[in-house]
Structure formats: C-alpha cells, structure tokens
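Colleague: We have chain A already, so just place chain B on it with the hints.
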Amino acid sequence: EAGVAQSPRYKIIEKRQSVAFWCNPISGHATLYWYQQILGQGPKLLIQFQNNGVVDDSQLPKDRFSAERLKGVDSTLKIQPAKLEDSAVYLCASSRTDTSTDTQYFGPGTRLTVL
Amino acid sequence: AQSVTQPDIHITVSEGASLELRCNYSYGATPYLFWYVQSPGQGLQLLLKYFSGDTLVQGIKGFEAEFKRSQSSFNLRKPSVHWSDAAEYFCAVGARSNTGKLIFGQGTTLQVKP
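Chains as they are written, first to last, in the numbering used here: chain A, 222 to 336; chain B, 17 to 130.
Errors might be hidden in some of the hints.
Claimed, not checked - Just the calculated beta-carbon pair ranges, DEER-fashion:
id, chain 1, residue 1, chain 2, residue 2, range
1, B, 57, A, 272, 24 to 32 Å
2, A, 237, B, 88, 40 to 48 Å
3, A, 259, B, 42, 38 to 46 Å
4, A, 249, B, 70, 28 to 36 Å
5, A, 237, B, 93, 44 to 52 Å
6, A, 249, B, 30, 40 to 48 Å
7, A, 236, B, 24, 29 to 37 Å
8, B, 86, A, 287, 39 to 47 Å
9, A, 305, B, 26, 23 to 31 Å
Just so you know, the hints here were simulated from the structure itself, not pulled from any lab data.
None of these values were measured; they are calculated from a predicted model.
C-beta atoms are modelled at their ideal positions from N, C-alpha and C, and glycine is treated no differently.
With the rest of the complex left out, here is chain A (with noise of 0.2 Å):
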C-alpha cells in the first residue's frame, strides 16, 4: 500500500513570496490533515477536511494560508504572501475516517525556508 505523498520536499523562498505544497493521500482515506512543524517543535494541526469538507481550521492563519480538497482526494496547502514565521515543515497526513481511534498515517513533509 502506498504512504502519503507530499511535493516538493524542500521549498526556498523570499518573504512575501507565494508557495503551495501538494499532498496525496492513502487510497481510500477521507480525512485528511495539514501540520505545520516548527524547528524544535510538535506538530500543530492547521486544517481537517473530511473528505472535501473542512472540519476543523481554527488555527490555520486565514489571511495568508489558504487549503482545498476539491475532490476529496489530493490537498494543496498554499501560503500567500509567506513571512519569516512560516519556515517550518509541513506535513500531511491521513486516516480512514474522522474519528480520533484511526491511525493517522504522515507523509515525509516539506521543509519551507523563508528568508
């Protein structure tokens, strides 16, 4: 069975530049979850869809960080314009279904620098 897909896998830019990340998920899977990961940090969940319906995003940044699902398949997360505090690692990550007992699967993320 395949893992979770992300693209690119390093990304470099300027601040105040635009960058979107690509995720694909585990065939079959409906939930699917963008992290964001600080340097010395855990992972902090940014955005939840179900299947193409977005579930939790109450600590995704609305007025730069953008994110759809529109056939509930593959994910982009985008960032518009990017600021110094956004270099992180995203990673994406899913399960079969939305509750919390199903064994969220991580993709090997995207490292963002913002310089």
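Modeller: Below, chain B without anything else, positioned relative to chain A:
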C-alpha cells in the same frame, strides 16, 4: 484545554541500556494517547496507542508505554535500546469526541551512544 508536556528535550543513552521517555498530559477526562517516532527526513510513524483497558500497551519495535491516570502520564519504555532507535519521539493526545485532532508534545530527541 488539552496539552502535552515532554519534560526531556534531549536524552542520551548507551546502546543496550534501558530507555524511558516521559510524557504528561492535561485533559478533562481520559484521553486517547499516542507515541510517534520521527527519523530524520521522515514523517511520523505510530509506535503505540492507548484507548482503554489494560494500562500497559505494547507497540512496534519493542516499545511499550504505561498509562497512569493518577499521574496524568503515559511514559514510553524500551528495555534495550538499539542504535537505530535514535530519532525524535512525540507524545500526543486525542479527544474522545470524533474529531481526529491530535495535540503533540514538543518532542524528545534520543541519541544512542555506541
């Protein structure tokens, strides 16, 4: 509010020695508890999880964890560490409501000395 504290930022143990990584949580009821491991350049991998029942849970790679309600703790243990166990370890708590949301601790980096 839910929170997770991992008191040790960095731990060094010798290969073959025993290991215990500490995790304390704050939650209004009994939460779901998880331990994940992250190797360099890799995503997080689930080691084990606790939902209910037996408070000692077994996981992959020879790890186990014990839920202690009175201490609000869920410490991870391994009797004999291997060099390949060097990684970052995260404790996480999930709500019993069906949201799937996890709150992670800040992580403990494990270094293994030969």
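Colleague: Take the hints in turn and mark each one as holding or not.
Modeller: Results for each hint:
no.: 1; hint: 57/B with 272/A: 24 to 32 Å; result: holds, 30 Å
no.: 2; hint: 237/A with 88/B: 40 to 48 Å; result: holds, 44 Å
no.: 3; hint: 259/A with 42/B: 38 to 46 Å; result: violated, 21 Å
no.: 4; hint: 249/A with 70/B: 28 to 36 Å; result: holds, 30 Å
no.: 5; hint: 237/A with 93/B: 44 to 52 Å; result: holds, 47 Å
no.: 6; hint: 249/A with 30/B: 40 to 48 Å; result: holds, 43 Å
no.: 7; hint: 236/A with 24/B: 29 to 37 Å; result: holds, 34 Å
no.: 8; hint: 86/B with 287/A: 39 to 47 Å; result: holds, 44 Å
no.: 9; hint: 305/A with 26/B: 23 to 31 Å; result: holds, 26 Å
Checked against the numbered hints above, the structure violates only hint 3.
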